[in-house]
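*Asks:* Sequence:
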Amino acid sequence: MDLPELLEVAEKEKARQKSVRVHCCTSTGCQAANSLDIKKNLAAKVKEAGLEETVEVVGVGCMGFCGRGPLVEIDPQDLLYEEVTPESAASIIEALNGGTSDVTLGDSKHPFFSHQFKIVRENSGKIDPDRIEEYIAVGGYQSLHKAIYEMTPPEVIEEITKSGLRGRGGAGYPTGLKWATVAKQPGKQKYVICNADEGDPGAFMDRSVLESDPHLVIEGMAIAAYAVGANHGYIYVRAEYPLAIERLQKAINQAKKYGLMGSNVFESPFDFKVDIRIGAGAFVCGEETALIHSVEGGRGTPRTRPPYPAQSGLWECPTLINNVETYANIAAIIREGSAWYANIGTATSKGTKIFALTGKIRNNGLIEVPMGISLREIVEEMGGGVPDGEVKAVQTGGPSGGCIPASFLDTPVDYESLAKLGSMMGSGGMVVMDDSTSMVEVAKFYMEFCREESCGKCVPCRAGTVQMFELLAKIINKQATSHDLEKLEQLCKMVKETSLCGLGQSAPNPILSTLHYFQEEYTSLLQETNGKVPV
286 MDLPELLEVA EKEKARQKSV RVHCCTSTGC QAANSLDIKK NLAAKVKEAG
336 LEETVEVVGV GCMGFCGRGP LVEIDPQDLL YEEVTPESAA SIIEALNGGT
386 SDVTLGDSKH PFFSHQFKIV RENSGKIDPD RIEEYIAVGG YQSLHKAIYE
436 MTPPEVIEEI TKSGLRGRGG AGYPTGLKWA TVAKQPGKQK YVICNADEGD
486 PGAFMDRSVL ESDPHLVIEG MAIAAYAVGA NHGYIYVRAE YPLAIERLQK
536 AINQAKKYGL MGSNVFESPF DFKVDIRIGA GAFVCGEETA LIHSVEGGRG
586 TPRTRPPYPA QSGLWECPTL INNVETYANI AAIIREGSAW YANIGTATSK
636 GTKIFALTGK IRNNGLIEVP MGISLREIVE EMGGGVPDGE VKAVQTGGPS
686 GGCIPASFLD TPVDYESLAK LGSMMGSGGM VVMDDSTSMV EVAKFYMEFC
736 REESCGKCVP CRAGTVQMFE LLAKIINKQA TSHDLEKLEQ LCKMVKETSL
786 CGLGQSAPNP ILSTLHYFQE EYTSLLQETN GKVPV
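Going left to right, the sequence shown walks through residues 286 to 820 as the working numbering numbers them.
Simulated from the structure, these hints should not be mistaken for laboratory data.
Some hints here could point you the wrong way.
As the list claims (entries may be wrong) - Using 30 Å as the maximum straight-line C-alpha spacing, the simulated DSSO-like pairs for lysine-lysine come out as follows:
1) 677 / 781
2) 447 / 297
3) 325 / 403
4) 677 / 759
5) 558 / 541
6) 297 / 473
7) 297 / 541
8) 411 / 431
Stated by the list, open to error - With beta-carbon atoms standing in for the labels, derived distance ranges:
9) 705 / 383: 52 to 60 Å
10) 360 / 772: 38 to 46 Å
11) 721 / 556: 29 to 37 Å
12) 300 / 705: 49 to 57 Å
13) 560 / 772: 23 to 31 Å
14) 563 / 589: 39 to 47 Å
15) 383 / 723: 48 to 56 Å
All residues carry an ideal CB built from backbone N, CA and C; glycine is no exception.
All chains, please: the whole structure from these sequences, using the hints.
*Replies:* Structure (structure tokens):
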């Protein structure tokens, strides 16, 4: 396929589409609430009403407002129906045909939507993820063609570098610098890997992107492969994401059929193929060296660095690893230019970030916001605040992050600001807690998770997470003394400084942040405080 043929596919698809499109969410969350039956009933009603010439029902990905799902949107009328059921679906078509509907009509101008800035999620909820033609119709794969025919690999890397894009997997490492490191390594064989091993409790950003717009990630990987000199890629997805895996595999097969994947991409000398590897759900495999071991067929355990994967990774070859959201930004940067992207966000944190907004919050779901937005704007305006009581804390960064008290809600959401508060951006989990939440219980919950997920390779993490969990349990059971509290803090610092990989190094963060900001909750549970004599 060449560019004229790609543009011809786009025009044919646009001509095929009906003037009215009924978008029905078919992501995992909505499918759990019977959205496939909703889609079926919508299509049946369109046929019954004789509207097939002008109206089509389209299964799309996540629209974001998960707490109000299943969602149905009418385009171009910009009508959004919430909490649709299979039984109420038909009335939506009746309203479209001049009747009335008893389904709750949402507000597309709601702060949950109006405060967002969509780059990665631009097509989510708008196109059918099972049809490559719909992705091509919205400009899909044109950035890949531009990179191959209008830019040299160094120019692509320079464009990503100037954009200021940082890795969205948690640490925020400059993407362009990582690409440049892989590109300059000697050797003919190099690999690119997409880390889709999203394991944080309450996080579902990557799953949603893969289910809603799989070609966007594949195109980003292909551009990265061209830039660094790789010809083979792997997408490492956890087995708990069956729908994402299914849609990814279908997308890869479609791309091959159109000549957008495989040998001589766009009839150029560039070759690129992608395979999927399914992980067994080990949280530690989100760490890049553990992930590499798993892709190779070994046990998912980390190794010491250096050498870093960029120098010696998969099968000891230079390997580029980025996560789903990072790759999903690439096509837009190549299409719009680095200056456009760099103008979004803050001086050190460019672009947008997707968050899974969950917990004690009125409006939960997925949001994509510009870097630098305040926690208050996210929690109180977009999220609608807590249903009862007051906001007590916001936990960012999953088990690796920290709990930020409500007094810091005006903090801008960027890498440096969150780190100063003892938390981190992480992959994008954001859990809101109200004043009924015990922060010691929160710390215990995350430590239990880290204890179970530790691979056991290094002693500080293997033994330290167990001991930290036991000390937390002792405190909660009001059996601890001030000496135990001191021991807990010392243990946290030791595990943080001596663990082999990011799991152990960041596991103490929830404890340390709650100790710092909510120390009175710990001390109130000590034996001395309760009038008991320490043993």
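*Asks:* None of the hints should be skipped; say for each whether it holds.
*Replies:* Tested hints:
no.	hint	verdict
1	677 / 781	26 Å, holds
2	447 / 297	36 Å, violated
3	325 / 403	29 Å, holds
4	677 / 759	24 Å, holds
5	558 / 541	8 Å, holds
6	297 / 473	39 Å, violated
7	297 / 541	19 Å, holds
8	411 / 431	24 Å, holds
9	705 / 383: 52 to 60 Å	57 Å, holds
10	360 / 772: 38 to 46 Å	59 Å, violated
11	721 / 556: 29 to 37 Å	57 Å, violated
12	300 / 705: 49 to 57 Å	53 Å, holds
13	560 / 772: 23 to 31 Å	48 Å, violated
14	563 / 589: 39 to 47 Å	27 Å, violated
15	383 / 723: 48 to 56 Å	54 Å, holds
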